[in-house]
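K.L.:
The lines below spell out each chain.
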Amino acid sequence: MKTCIACGMPMKDISDFAANDPGKDYCVHCSRPNGEMQSFEEKKESLTKFIVKTQGADENVARKIAENMMRKLPAWKEYFD
Amino acid sequence: MSGESIMGESTRQIQKLNTRKKIIETAYRIFAEKGFSVPSSVIAKEAGVSHGSIFAHFPTMNDLTVSVLSDFGDKIGTRLHELAKNCDSTENLLKEHLKVLEEYEAFYFRLITEKNMLPEEARYTFAAVQSTVAFHFSIVIEREIEKGTVKKLPTHMLYNTWLGLVHYYLMNKDFFSDSNESVIKRYGEELLSTYLELIKI
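Protein sequences appear in the order of chains A and B.
If you read the first sequence in the working numbering, its first letter stands for residue 1, the second for the next number, and so on.
If you read the second sequence in the working numbering, its first letter stands for residue 1, the second for the next number, and so on.
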């Protein structure tokens, strides 16, 4: 099964893929409304906000967790070298 | 390159992956039994591989701990993903959460009791595991809030209340049982039904 290069989510159904396109390597949550993949900064901010919203973490801590998650994903490798 | 050497290369690759898998699986069990400060030599011995082989795959214990935690996150993620996608209920999602925790109970107990002593990277990896659970939890519970079947409370408080309840029983397992039985198995149903009673409209 393909996993999203930008967040690691498994992509099985067509609706998991960006723009319902199974040819894409990233998921619906990591794309902009026009189907492009979000930028590094956009993704970092959206993940940070998501961690705060769903787990109530301190915002600075949430940002560090988000960076650590992104470090391991193929889409963002170059930002950490 | 001859066909034979390609075969040789792929056999070595498979062996390498198998060794890595064996080390990770052994580490789950040894971490559960002895905690996260166990020396790598113990894991090597139990896995039946040389000490050098562990270093070749995981240069530091932190690398091994992080790999085991990532693997755990992938396992939970895969199990919860389908349920969340298929518009399932909060009840079924939390049932599955409890089922995974019961399967890994000894390991998870060590994790939540020793977490603050783990190196930073391992702690962030654990946070990523919990974020995966929170991701699926939020999809399901927000759908129920919209439908009017769950009280309109902030997602993080709904999530933390659930984790708080489950972790309290796990962390005080010596209080809730006088044997080594699974507290999730014994109390899981009661925890779930009480939690649902609290959040449902």
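These are computed hints drawn from the structure, not numbers from a lab.
Don't take every hint at face value.
Stated by the list, open to error - Straight-line alpha carbon distances no greater than 25 angstroms define the calculated DSS-like cross-link-like pairs of lysine-lysine that follow: (1) B:151 - A:64; (2) B:85 - A:49; (3) B:152 - A:72; (4) B:34 - B:200; (5) B:21 - A:72; (6) A:53 - B:75; (7) B:21 - B:75; (8) A:72 - B:115; (9) B:115 - A:53; (10) B:21 - A:2; (11) A:12 - A:2; (12) A:64 - A:77; (13) B:75 - A:77; (14) B:85 - B:21; (15) B:151 - A:2; (16) A:49 - B:173; (17) B:95 - A:12; (18) A:77 - B:21; (19) B:85 - A:44; (20) B:75 - A:2; (21) B:85 - A:2; (22) B:200 - A:77; (23) B:147 - A:53; (24) B:200 - A:53; (25) B:95 - A:44; (26) A:12 - B:99; (27) A:64 - B:115; (28) A:12 - B:85; (29) B:22 - A:72; (30) B:75 - A:12; (31) B:34 - A:53; (32) B:16 - A:53; (33) B:151 - A:53; (34) B:22 - A:53; (35) A:72 - B:75; (36) A:49 - B:115; (37) B:151 - A:49; (38) B:152 - A:49.
K.L.:
Indicate, hint by hint, whether the structure satisfies it.
P.N.:
Verification of the supplied hints:
no.	hint	verdict
1	B:151 - A:64	31 angstroms, violated
2	B:85 - A:49	22 angstroms, holds
3	B:152 - A:72	35 angstroms, violated
4	B:34 - B:200	40 angstroms, violated
5	B:21 - A:72	19 angstroms, holds
6	A:53 - B:75	23 angstroms, holds
7	B:21 - B:75	14 angstroms, holds
8	A:72 - B:115	20 angstroms, holds
9	B:115 - A:53	22 angstroms, holds
10	B:21 - A:2	20 angstroms, holds
11	A:12 - A:2	7 angstroms, holds
12	A:64 - A:77	16 angstroms, holds
13	B:75 - A:77	23 angstroms, holds
14	B:85 - B:21	29 angstroms, violated
15	B:151 - A:2	36 angstroms, violated
16	A:49 - B:173	34 angstroms, violated
17	B:95 - A:12	23 angstroms, holds
18	A:77 - B:21	24 angstroms, holds
19	B:85 - A:44	24 angstroms, holds
20	B:75 - A:2	15 angstroms, holds
21	B:85 - A:2	16 angstroms, holds
22	B:200 - A:77	43 angstroms, violated
23	B:147 - A:53	20 angstroms, holds
24	B:200 - A:53	20 angstroms, holds
25	B:95 - A:44	31 angstroms, violated
26	A:12 - B:99	23 angstroms, holds
27	A:64 - B:115	17 angstroms, holds
28	A:12 - B:85	10 angstroms, holds
29	B:22 - A:72	22 angstroms, holds
30	B:75 - A:12	16 angstroms, holds
31	B:34 - A:53	35 angstroms, violated
32	B:16 - A:53	41 angstroms, violated
33	B:151 - A:53	17 angstroms, holds
34	B:22 - A:53	37 angstroms, violated
35	A:72 - B:75	17 angstroms, holds
36	A:49 - B:115	24 angstroms, holds
37	B:151 - A:49	22 angstroms, holds
38	B:152 - A:49	19 angstroms, holds
Hint compliance for this structure: hints 1, 3, 4, 14, 15, 16, 22, 25, 31, 32 and 34 are broken, all remaining hints hold.
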